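Undergrad: Take a look at the letters that make up each chain.
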Amino acid sequence: MFKWLEKNLPKIVLAPSVGLISWFVYGFILWTLYISFTNSKILPKYELWGVGQYVKLWGLRKWHIAVDNLLIFTVLFLAICIVIGVVLAIFLDQKIRAEGVLRTIYLYPMALSFIVTGTAWKWILNPTLGIQKLFIDMGFENFTFDWLVNREMAIYTIVIAGVWQSSGFVMALFLAGLRSIDDEIVKAAKIDGAGLFTVYWKILIPMMRPVFFTSFVILVHISIKSYDLIVALTQGGPGISTTMPALFMTQTAFHKSQVGLSAASAMMMFMAVAAVIIPYLYSELRRENVS
Amino acid sequence: MSVNNTITSYKQLEERSKITNLLLRWFLYFILILFAFYFIFPLYVMIVTSFKTMEEIRQGTLLTWPSQLNFESWAVAWGGRGYGAGDTFLRPYFWNSIKMVVPAVIFSTFIGAMTGYVLTKWRFKGDRWIFLFLLFGCFIPFQAILLPMARTLGVLGISNSILGLVVVHSIYGIPFTTLFFRNYYVSIPDELIKAARIDGAGFFKIFFKILLPISAPIIVVTVIWQFTQIWNDFLFGATFSFGKAAPIQVALNNMVLSSTSVKEYNVDMASSIIAGFPTLIVYVLAGKYFIRGLTSGAVKG
Amino acid sequence: MIALKIQDLSKNFGSTEVLKKINVEIEEGNFLVLLGPSGCGKSTLLNIIAGLETIDEGEVFIDDYNVSKVEPKDRNIAMVFQSYALYPSMNVKENITFGLKQSKTPKDKIEEQLKKISSFLKVNELLNRKPSQLSGGQRQRVAIGRALVREPRIFLFDEPLSNLDAKLRVEMRREIKILHQKLKTTVVYVTHDQTEAMSLGTKIAIMNHGVIQQSDTPKNIYNKPQNVFVADFIGSPPMNLTEGKLTKEGNNFYFVPNEANETNKIPLKNYDFVKPINENNKEVLFGIRPEHIFHKKTNENDFEVKMKSELNEYIGHEQIVTFNYFNQEILGKFSSTIEMGTNKEVNLYFDLTQVSLFDKNTSQRI
Numbered sequence: 001m002f003k004w005l006e007k008n009l010p011k012i013v014l015a016p017s018v019g020l021i022s023w024f025v026y027g028f029i030l031w032t033l034y035i036s037f038t039n040s041k042i043l044p045k046y047e048l049w050g051v052g053q054y055v056k057l058w059g060l061r062k063w064h065i066a067v068d069n070l071l072i073f074t075v076l077f078l079a080i081c082i083v084i085g086v087v088l089a090i091f092l093d094q095k096i097r098a099e100g101v102l103r104t105i106y107l108y109p110m111a112l113s114f115i116v117t118g119t120a121w122k123w124i125l126n127p128t129l130g131i132q133k134l135f136i137d138m139g140f141e142n143f144t145f146d147w148l149v150n151r152e153m154a155i156y157t158i159v160i161a162g163v164w165q166s167s168g169f170v171m172a173l174f175l176a177g178l179r180s181i182d183d184e185i186v187k188a189a190k191i192d193g194a195g196l197f198t199v200y201w202k203i204l205i206p207m208m209r210p211v212f213f214t215s216f217v218i219l220v221h222i223s224i225k226s227y228d229l230i231v232a233l234t235q236g237g238p239g240i241s242t243t244m245p246a247l248f249m250t251q252t253a254f255h256k257s258q259v260g261l262s263a264a265s266a267m268m269m270f271m272a273v274a275a276v277i278i279p280y281l282y283s284e285l286r287r288e289n290v291s
Numbered sequence: 001m002s003v004n005n006t007i008t009s010y011k012q013l014e015e016r017s018k019i020t021n022l023l024l025r026w027f028l029y030f031i032l033i034l035f036a037f038y039f040i041f042p043l044y045v046m047i048v049t050s051f052k053t054m055e056e057i058r059q060g061t062l063l064t065w066p067s068q069l070n071f072e073s074w075a076v077a078w079g080g081r082g083y084g085a086g087d088t089f090l091r092p093y094f095w096n097s098i099k100m101v102v103p104a105v106i107f108s109t110f111i112g113a114m115t116g117y118v119l120t121k122w123r124f125k126g127d128r129w130i131f132l133f134l135l136f137g138c139f140i141p142f143q144a145i146l147l148p149m150a151r152t153l154g155v156l157g158i159s160n161s162i163l164g165l166v167v168v169h170s171i172y173g174i175p176f177t178t179l180f181f182r183n184y185y186v187s188i189p190d191e192l193i194k195a196a197r198i199d200g201a202g203f204f205k206i207f208f209k210i211l212l213p214i215s216a217p218i219i220v221v222t223v224i225w226q227f228t229q230i231w232n233d234f235l236f237g238a239t240f241s242f243g244k245a246a247p248i249q250v251a252l253n254n255m256v257l258s259s260t261s262v263k264e265y266n267v268d269m270a271s272s273i274i275a276g277f278p279t280l281i282v283y284v285l286a287g288k289y290f291i292r293g294l295t296s297g298a299v300k301g
Numbered sequence: 001m002i003a004l005k006i007q008d009l010s011k012n013f014g015s016t017e018v019l020k021k022i023n024v025e026i027e028e029g030n031f032l033v034l035l036g037p038s039g040c041g042k043s044t045l046l047n048i049i050a051g052l053e054t055i056d057e058g059e060v061f062i063d064d065y066n067v068s069k070v071e072p073k074d075r076n077i078a079m080v081f082q083s084y085a086l087y088p089s090m091n092v093k094e095n096i097t098f099g100l101k102q103s104k105t106p107k108d109k110i111e112e113q114l115k116k117i118s119s120f121l122k123v124n125e126l127l128n129r130k131p132s133q134l135s136g137g138q139r140q141r142v143a144i145g146r147a148l149v150r151e152p153r154i155f156l157f158d159e160p161l162s163n164l165d166a167k168l169r170v171e172m173r174r175e176i177k178i179l180h181q182k183l184k185t186t187v188v189y190v191t192h193d194q195t196e197a198m199s200l201g202t203k204i205a206i207m208n209h210g211v212i213q214q215s216d217t218p219k220n221i222y223n224k225p226q227n228v229f230v231a232d233f234i235g236s237p238p239m240n241l242t243e244g245k246l247t248k249e250g251n252n253f254y255f256v257p258n259e260a261n262e263t264n265k266i267p268l269k270n271y272d273f274v275k276p277i278n279e280n281n282k283e284v285l286f287g288i289r290p291e292h293i294f295h296k297k298t299n300e301n302d303f304e305v306k307m308k309s310e311l312n313e314y315i316g317h318e319q320i321v322t323f324n325y326f327n328q329e330i331l332g333k334f335s336s337t338i339e340m341g342t343n344k345e346v347n348l349y350f351d352l353t354q355v356s357l358f359d360k361n362t363s364q365r366i
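Top line first, the protein sequences correspond to chains S, U and W. Here the first sequence is numbered in the numbering used here, starting from 1 and rising by one per residue. Here the second sequence is numbered in the numbering used here, starting from 1 and rising by one per residue. Here the third sequence is numbered in the numbering used here, starting from 1 and rising by one per residue.
Read the hints as simulated data drawn from the structure, not as lab findings. Being a predicted model, the structure only gives us computed values, none of them experimental. Misleading hints may appear alongside valid ones.
What the hints assert, rightly or not - Derived lysine-lysine pairs resembling DSSO-like cross-links, with alpha carbons at most 30 angstroms apart:
hint, chain 1, residue 1, chain 2, residue 2
1, W, K104, W, K93
2, W, K69, S, K95
3, U, K18, S, K187
4, W, K333, S, K190
5, U, K244, S, K11
6, W, K275, W, K308
7, S, K190, W, K360
8, W, K182, W, K115
9, W, K101, S, K95
10, S, K41, S, K202
11, W, K116, W, K167
12, W, K360, S, K187
13, W, K333, W, K360
14, W, K93, W, K107
15, S, K202, W, K116
16, U, K18, W, K104
17, S, K187, W, K21
18, S, K11, U, K18
19, S, K45, S, K256
20, U, K125, U, K18
21, S, K190, W, K177
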């Protein structure tokens, strides 16, 4: 008995975490999946109802707005974060004085919560006293900046705040990547007569492919999950113009009490994330096996 | 190629590279500083606004310096105005967050350390799959577990309580903490464990006497990561806890939204700074570890 | 013609002096090896020649032109790196031609050069492969090809063989030697491996702590080390250095090991002193290489000694025996066919034409 215990001690120690994750992650996802196939309202019902919730979901205008917003947000958020992150990382890599201070400044938003970020940007972007007034007082009398209350433009304010929060993170990833490159490669390129621009464009940036991939995955992940930022900045408004799937899901579950529909939307989000994450994990694991 | 030609061309080359280098450096610093302004701008606005009176806010712009350091909005944000109903202020919620963060961080870090230890130093068939199984938990959108979690907390009788949030954060922190510790312990030579086993140390002794004492860096990284994540969480807090048991991010959001007739931006900004202060301090003091957590949590999946 | 001249060159990293007043010259077509332990400044010196590091003091001349502030690409040099530094995202062809494209060489000229180089280095088959798909030796070849294709005035090699396994290293060493014989380009080559240095160099500069200890032909480095550092660095096992005194009797000098008496003095009548010595009883180190100790008398200058063998290390074709010589260790290297035994008194012979003497205080050759 004691021998058996000793031999299996590692597995026994592992059991709680595996058990907890099995139940609270995988079990719960399966539960949500099941519920998405039922006609649950306030309380879960357990008789199957088929794909009715999914049909209903894709018939809703609000869901379509949410998905469109997600696409707009993801594309812009991704593109801008990566461009800013790459540029800052490359510039910081040039033996810059006060690099430490600059890096700290670029990255500190990452330490703040989306609620704090949203609250701050909401004040900055508010049309009466915010940035609009700043420009008018500076002499641009016809300057208007009312994106926050403009149905068409409000989604871009979320991009602005999201980029502000996350591009420092991309910068940190790329800087770490650039710093890990063997500097003999840069020396070789210099001797070959490559200018700074060519060194980065033709040699170093192509070497950063794994970092691009990682940034892509992380940023897509952040954007699919984005909830707090919208709550703090626009609450999905004006109207429902800045609704996103994460917001749709909680509103449907907890305000509209349509648990089944909400579960269906959660599963859509889950599948979107899985579509990005599973190939990523697979490739990471393969890379580890090779090395 | 005559000798004279070569000498002048070398000189020219020297000159030209000097000038382009200088221009390039100026451009570089210009862009870097420009972005520094972009990133620092909201913080600056938050701070100056929090010290202004509403009158000043209406008259000046975002950038104007407060006429005097006015701590009133800070006092209101932290301790309220002192009248009864509807007076929301951050103090109780700040402590709620502390009570939630501390046990959740300790618990998830400890479990992660043990799990990472087993997965790297007591390898068995299929351990990679177990790791992958746990790792996937880092990436799930929490919306997919929100509904059953709410039910479960209800059944356990800990919904709308700090204890409930401690449980939730502890569990969903495990994948991350496991990832950190696993990646750290992988780099520690197995010989160390073999030597200890030959010396007669058992499973727990090896962990507590040999691995844990050399784990300080990764413990710091993990604690900072978990602290930041849990402190900044809004989704779980807003879903599972409201009213008196809410954590600070939820309280901040409620305060900002529920402002009565007039928007008090100065109080909002003071509240935001209070809610962001602990993580900001951690970042400034231990930025190196914070960044390491960010990048290793991301790069090494 | 002097292809490369380095004049009073100094370099500091912060407060540490990496190079101190370096002076080196190399004739066109020669093969200069910078040899020294890690951290001696040899790689820094090479990087300075390449223009990859700035100079604090002194000048670098290539073909009499002061290139101290000229960009690497305009110095007419090429370099092969320890890690090969092939561009991972480009295939072999792109790697080799990258430099030519940067200098806007006409397309047909590039093709011609590529053809020439790739058949010369036998990498024709590999042109479309990525560096990650090549073996160590192939990578090495491509790296050399990338340097060759530019037809530089000076080749710089930074420990190019240290990432290869032992067998491949010997092979590539020969190839580099053949390459140099064929092309007769000036080469500066950095290594910490003395065998590489000896076999490749027409001139070796031994460095330590940022100072050139001796710069000479391989033969002179081996036979007449300028100081104790060089004596100890070259040779395996290194030169035996026995402490003792230099005594003068009339016009003749003798070496007396510490703890030995007059009857054991070693006559130094054939020793070629650097400059005349007047001192008597000077404290010196007597240096003799393990391979210059014989088990029987072979010529008349050999000096007979009696020593006790203490340790015998058999290594196949030869054996290294440790002897006790008046309580100082002396190592001898013999063919493994000779029976030496351990803890045995043996008669041995020092070849006195091959000895070195160093001042014990200054460590310099006398």
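Undergrad: Please work out if K101(W) and K95(S) have their alpha carbons no farther apart than 30 angstroms.
TA: Given pair K101(W), K95(S) holds - Cα atoms ~28 angstroms apart, limit 30 angstroms.
Undergrad: Taking only the CA atoms, is the gap from K360(W) to K187(S) under or equal to 30 angstroms?
TA: Violated, because 43 angstroms separates the two Cα atoms, which is more than 30 angstroms.
Undergrad: Holds or violated: K18(U) with K104(W), Cα cutoff 30 angstroms?
TA: holds, 22 angstroms
Undergrad: Taking 30 angstroms as the top limit, are the C-alpha atoms of K275(W) and K308(W) close enough?
TA: violated, 35 angstroms
Undergrad: Sort out whether K93(W) lies within 30 angstroms of K104(W), counting only the CA atoms.
TA: holds, 16 angstroms
Undergrad: For the pair supplied as a hint, K190(S) and K177(W), is the alpha-carbon distance within the 30 angstroms limit?
TA: holds, 26 angstroms
Undergrad: Under the criterion that the straight-line Cα-Cα distance not exceed 30 angstroms, is the pair K45(S), K256(S) satisfied?
TA: holds, 16 angstroms
Undergrad: What's the verdict on K333(W) and K360(W), does the C-alpha distance respect the 30 angstroms limit or exceed it?
TA: Distance ~25 angstroms between K333(W) and K360(W) Cα, so the pair holds.
Undergrad: Given the hinted pair K93(W) and K107(W), is their alpha-carbon gap at most 30 angstroms?
TA: It holds: about 13 angstroms lies between the C-alpha atoms, which stays within 30 angstroms.
Undergrad: Would the pair K333(W) and K190(S) pass a check requiring their Cα atoms to be no farther apart than 30 angstroms?
TA: violated, 48 angstroms
Undergrad: With a cut-off of 30 angstroms on the C-alpha distance, tell me whether K202(S) and K116(W) pass.
TA: holds, 25 angstroms
Undergrad: Please work out if K116(W) and K167(W) have their alpha carbons no farther apart than 30 angstroms.
TA: holds, 27 angstroms
The structure is inconsistent with the numbered hints 4, 5, 6, 7, 10, 12, 18 and 20, although it conforms to all the rest.
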